[in-house]
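Participant: Required output: the full structure, derived from the provided sequences and hints.
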Amino acid sequence: MHNNKYLQEEIIRISGVNPSKCMRCGKCSATCPAYDEMEYHPHQFVNMVECGDIEPLLNSKSLYKCLSCFACIDRCPRGVEPAKVVEAVRLTAIRKQGANHMTADDIPAIIEEDTPQQLLVSAFRKYTK
Amino acid sequence: MQKITREQLIQKASELLENGTVSAVLGWGIGEFDYDVTPTVFSTVEELRNGFVFNDFCGANFSKYLVKKTDKIEGKILVFLKPCDTYSFNQLLTEHRFDREKVYAVGIPCEGMADIAKVKAISGDGIAAIGSNGDKLTVTTLYADEPVVIAANDVLAERCINCKSKKHVAYDELMGEEGEVIESNRFDEVARLEAMTADERFAFWQNELSRCIRCNACRDACPACTCEKCVFDNPNSGVENKSPANEFEEKLFHIIRAYHVAGRCTDCGECSRVCPQNIPLHLLNRKFIKDMNDFYGEYQAGAEVGSRAPLVDYTTEDLEPGEVFDRRENNA
Amino acid sequence: MQVNEYKPLIVAFCCNWCSYAGADLAGNNRLAYPADVKIIRVPCSCRVNPMFILRAFQRGADGVIICGCHPGDCHYTSGNYFTRRRMAALFSMLDFLGIEKERTRVEWVSAAEGAKFAATMNDFVATVTALGENKRLEDLRCKK
Amino acid sequence: MQRVGVFVCWCGSNIAGTVDVEAVSEALKSEPGVVFSTNYQYMCSQAGQDMIKQAVKEHNLTGIVVCSCSPRMHEATFRKTAAAAGLNPYMVEIANIREQCSWVHKDMLTGTEKAIILGKAAIAKVNLNAPLIPGESPVTKRALVIGGGIAGIQTALDIADAGFPVDIVEKKPTIGGKMAQLDKTFPTLDCAACILTPKMVDVAQNEKIRIFSYSEVTEVSGFVGNFEVTIKKNARYVKEDICTGCGACVEKCPMKRIPNEFNLGMDNRPAIYIPFAQAVPKVATIDPNACNMLKNGKCGVCSKVCAAGAIDYTQKDEYINEKYGAIVVATGFNPISMDKFDEFAYNQSKDVITSLEFERLTNAAGPSAGKLLRPSDGKHPHTIVFVQCVGSRCESCAEKGKEYCSKICCMYTAKHAMLTRDKYPDTEVYVFYIDVRTPGKNFDEFYRRAVEEYGVKYIKGMVGKVVPEGDKLKVQASDLIANKQLHIDADLVVLAAAIEPDKSARPLATMLTASMDTNDFFTEAHPKLRPVESPTAGVFLSGACQGPKDIPETVSQAGAAASKVIGLLAKDKLTGNPCVANSNELMCNGCSSCANVCPYGAITYEDKEFRMPDRTTKIRRVASVNPAVCQGCGACTVACPSGAMDLKGFANLQIMAEVDAICK
Amino acid sequence: MKVSYFPGCTLKNKAKDLDMYAYKSAEALGVTLEEIENWQCCGGVFTTANDEVATKLSSVRALKYAGEKEQPLVTVCSACHNVIKQTNYAMQTNSQFADKVNRYMAADGTYNGETQVYHYLEMLRDLVGFDTLKEKVVNTLKGKKIAAYYGCLLLRPNSVMRMDDPENPTIMEDFIRALGADAVVYAKRNECCGGYISVESPESAKRNSNAIIENAKAAGAEMIITACPLCKYNLVKNGADIPVVYFTELLAEALGVKEDTNA
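Chains as they are written, first to last, in our numbering: chain Z, 766 to 894; chain D, 10 to 341; chain W, -5 to 138; chain S, 170 to 833; chain B, 190 to 452.
These are calculated hints, taken from the structure and not from any lab test. Note that beta-carbon positions come from the ideal geometry of N, C-alpha and C, so glycine has one too. Don't take every hint at face value.
Claimed, not checked - Computed cross-link-like contacts, BS3-like style, restricted to lysine-lysine with a CA-CA straight-line distance of at most 30 Å: (1) K672/S x K464/S; (2) K275/S x K770/Z; (3) K110/W x K275/S; (4) K85/D x K787/S.
Said to hold, decoys possible - A partial selection of chain S residues facing chain D, derived with a Cβ cut-off under 7 Å: (5) T744; (6) N746; (7) A808; (8) S811.
Facilitator: Right, here's the structure in full:
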């Protein structure tokens, strides 16, 4: 397992999360509505950041599956806030040049008559830098 | 100008001496100068006639003298109490400092006393005589041809300008009319200092306290300072120092003195009256009074016998020491 | 960090029943705080005479902290309530004289709060260090 | 000035690791009064103590300073050493250079510097020490036990067994506590009632024990050996001495739909009730909030049917004052409220229950007569999910839950799971756990049996959400080992709720001036060496009021507390604390400031005659302190403006000398 | 009573109903919604990253604008409310963040989180009062079985949002009851509908939305109300077979101002 200390510190800084508070109860993953979409689950995000094992996360589609519904944040007994870790890793990934997960070109395929602006705005905020 | 005259007081005292109600009179005695009035014990009518004075300089608060004098005299002692003096009188009773049975207290009205420093500031030094006439003082000096006439109100002592009460809270007999507790502005100066920055306050007090010569007059005149032995005179207290040994000492002395009388000080103002350096020592006491009023509710020491001072009392909901400052900042 | 690092002198009066034990607990758990803090054990925070505090400042202390039991938890029922009033009045007076209010503090630390004890001391030392040497209490008399 | 000996302890490497002990003993040699200074590996050892005794003789020491661990640890040890060497034990001062120096500072230089300063302060103080002789006070030979659960019962029985009278105060109508509500007990699966009720009967029949049930302590004053306690006996509107417990009133009471607290509200009881069949005392109690007669004067059925004439609607709360030599706190625990954990749908479905409710559901005397039936529809549940650590092991600053491990849940959940599988083998049982914690005799074996013999499915992971839908509870959980999210349709969900101290503990602690931790558990005098004593002399701790405990632990702690109480009550006199206030009459003004702040009323005034310098005499009012009543807090010393009041052992001059030494 | 009002992008387009009914109902309740001048999009999602500043400035401007008028800031859209409330909280508690923001805002003066942020529902509960609301109901909805759908944005993170108990909220149920209808309580009312994931994996949003509808229906719901355009979109698009309406529409109906709006 590769320990990327720089990325690890960067993610801890951006998220403000202390992953060593995690006691491995798995409640975040138990409560996650996007669990089945994810290759790495919320508890794994926390655990892998704690170990410095960041690269697999950066390249994982799981980054774009988190709904930011904050259920894991509110239900974590230790106040670890896994969603903030996911967010920090996601930002680390898309802040690289050309790494936007979604572009304006994708929109026509998505948009329908009743698509609310909110959907596009939110998706852009999440998937682009 | 006082509404009550020397003659009336002498007559009252003589009466009480002669009918045996009292065996001595604690009153103001003639001093070297007209403004230099000394607390004196008179035992006969003749002594009264020769030595008793009552003028605009009779500020001395006699309450404290009762602690020592009541022991020395057989029978009762007559004491004249201005309204402010009666608070000290009660406070000392609260602290069991003299036997109430040995005192015959006569309340007298007071229109405010003059501050000799203020008089001198107008008349100049070398005062030979001061006469009183209506609301005017006539000051004869050695160096001026004509006597200087001064309005009594212009030379009123600070504590009288900010008089808190014309009401007597204790007496056996009252001369003249009873007054009322007054809504005074006595905390304004404290508030003004509070509104300053810490640096400004520090500069203010540095200027004031640096003049202290540790004459102990404030302590000796203070009706709350009646300790059998003052900690500053007691070699076993660990803080004995009869004169300041270093720069810190006055401050220690004045803070500790103010702290020791906190909750017991009636704000009679004797400390500042007797200070030869004109240090506004009463502001320290008033600060404590103001704070305790703010923090724990209004309390006037001596207003009633047996009341419990804020510092020997508590509630479970008192504010925290750290909150004192938040509170002030919020109020500001 | 400066070469000539300023080290404040802090006197901590600790109640035997709570904060002194809290300090012991901090020790047991190896929770570090600066050595500038020197503890004096008193039976109750209400034993602390304002004179002791002024004395400490007079002799060169830069900060004085009094630690007692949480209100309601005094071993002697009411001692800390008196402390609370006394120190509120005293600190307000020191502030009135223009002396930095940050140099004095009262904290309630129980015997179980080792971590709070260490955190309190770290914070207090940092505050006093930022203020620098205590001059005002010594210098009030001397006009500069 | 004393002749002071300084003894610096290495405490192995505990002190010597961060403090140069040699340098400390050397530096302290030149302090005023010091005639001897040395250091040694373990001062508290026999050899160390002998070294001190030897030095006292050789150097004619009059004062001793030990630089070592906290005085809370070994002050008593070194005082005994001093006494053995012929010194007054109060001529010893400890400089705490371990807990408050070597253990909190990392750098040798600063550690050594600070240790020297602390040593100097102790020397400055001991130079002003004076021999002190403690006073004596009598011991009231009666103990009070607050709380009538298994902890209180065991403590009371053990104390009574030694021949001392004991009173139990229990706020509920019966003793028995939580254990009376349990079905079976781990790890042996005895029936709780079978082992508890004989003890309850023993209590009832023991001549030395009085039970104040339906009562609470409202006021405590005094001190070790001499507590004065006010007990409020709540009106139960039934004459306890006349009621035979026949139950006729209970049967006839028309107000039948009051939630039954003994069954945790899962069934109802009448307004007049006896909590359970084996209640002690077995007398009825009228619930004043439910009784029509008490509320609006209409009814009176119970009074009519009571053959003994025990009903008394006019009964009033009664206050009893009693003296005790020792007090044992046994206030126990409760499961925390599940209100804030509604991701588990406790408030949304009757079929989500706590483990204690599960106990009642499986108890033969419970609401379903021991049959495991769903509270919602009375059907047999086929899939049961147990969730561990609900509210335990949460972050300290969390808004819900407790920071600590509740300790008993792993074992009772294993018990529940096992018993369910044993009685109803067709039931699927899942246990979601974070860790299984089973340290205890035969505990882990018990848990393994649940898995291996009974086929309970233990899954490492947590439940995230319970969704009641139709007659199912949809449980969404994680399986961390399989790295899967599980969806289980359950019939019953059982939450292992964290336990917390009873709410009555906090006000009681205030009354007793006994300290508590941040979770409201009582603090013990020493976590290892004095686990059943509170730091307040004469107050002892029994059971879960001190921390989560199972029954075996509770019973052993109850016995330990009893033995401490017996040790105390066996004494005729107690030596007091000699560090008490005393007033210097010559300086006292008699102003009453000191008496105003004294919490014990230890200060009185008398008029005394004094000879004055001028040969006259003067009568003055002066304070005097009753040393037997004074506890030595020192509040009076600061209230006194003249400095007449001082505290022995912590005198003004001593503390100022410490201040000076530190600030030098 | 006058309050500042932040409508948000969707309320001026696809969710015009939500906006219009909010205006009409407020008027009927004696509350004037004063729309923030030149408001800009809130961003739709609050980025929890400590180092994101620029994306939060529009929220700060709205907050500051309300603050200067000494009015509480009211939002209707759950997303706007979440973003603005979280931004305000960050301004109050994260001094480093506030400092950075204030440097950007230098020209407009500083802001430190003084404004109070209310969701429209909170406004009804805390400023108007459900009892007052009850009195103003003209068309009682008696007998209707209505389920409230909170979604995630109104309640979480609870340490910031502080609207209600995040696991067992009652504010919308109390609202429904105030209008005279029966509130249907179901466990999935605070579970996420899928949000913007419908861009990325529509099946996921469908699964989540369906589970919510099923749960509500199983509990007896005949109608679902929501405060969020995206929630409504997901629930409807994924085949809700009971009506999903904005809570303001229901409110307008009960207050008898719905027809007005359509006219």
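Participant: Each hint needs a verdict: does it hold in this structure or not?
Facilitator: Going through the hints against the structure:
no.: 1; hint: K672/S x K464/S; in the structure: holds (27 Å)
no.: 2; hint: K275/S x K770/Z; in the structure: holds (27 Å)
no.: 3; hint: K110/W x K275/S; in the structure: holds (19 Å)
no.: 4; hint: K85/D x K787/S; in the structure: holds (17 Å)
no.: 5; hint: T744; in the structure: violated (29 Å)
no.: 6; hint: N746; in the structure: violated (23 Å)
no.: 7; hint: A808; in the structure: holds (6 Å)
no.: 8; hint: S811; in the structure: holds (4 Å)
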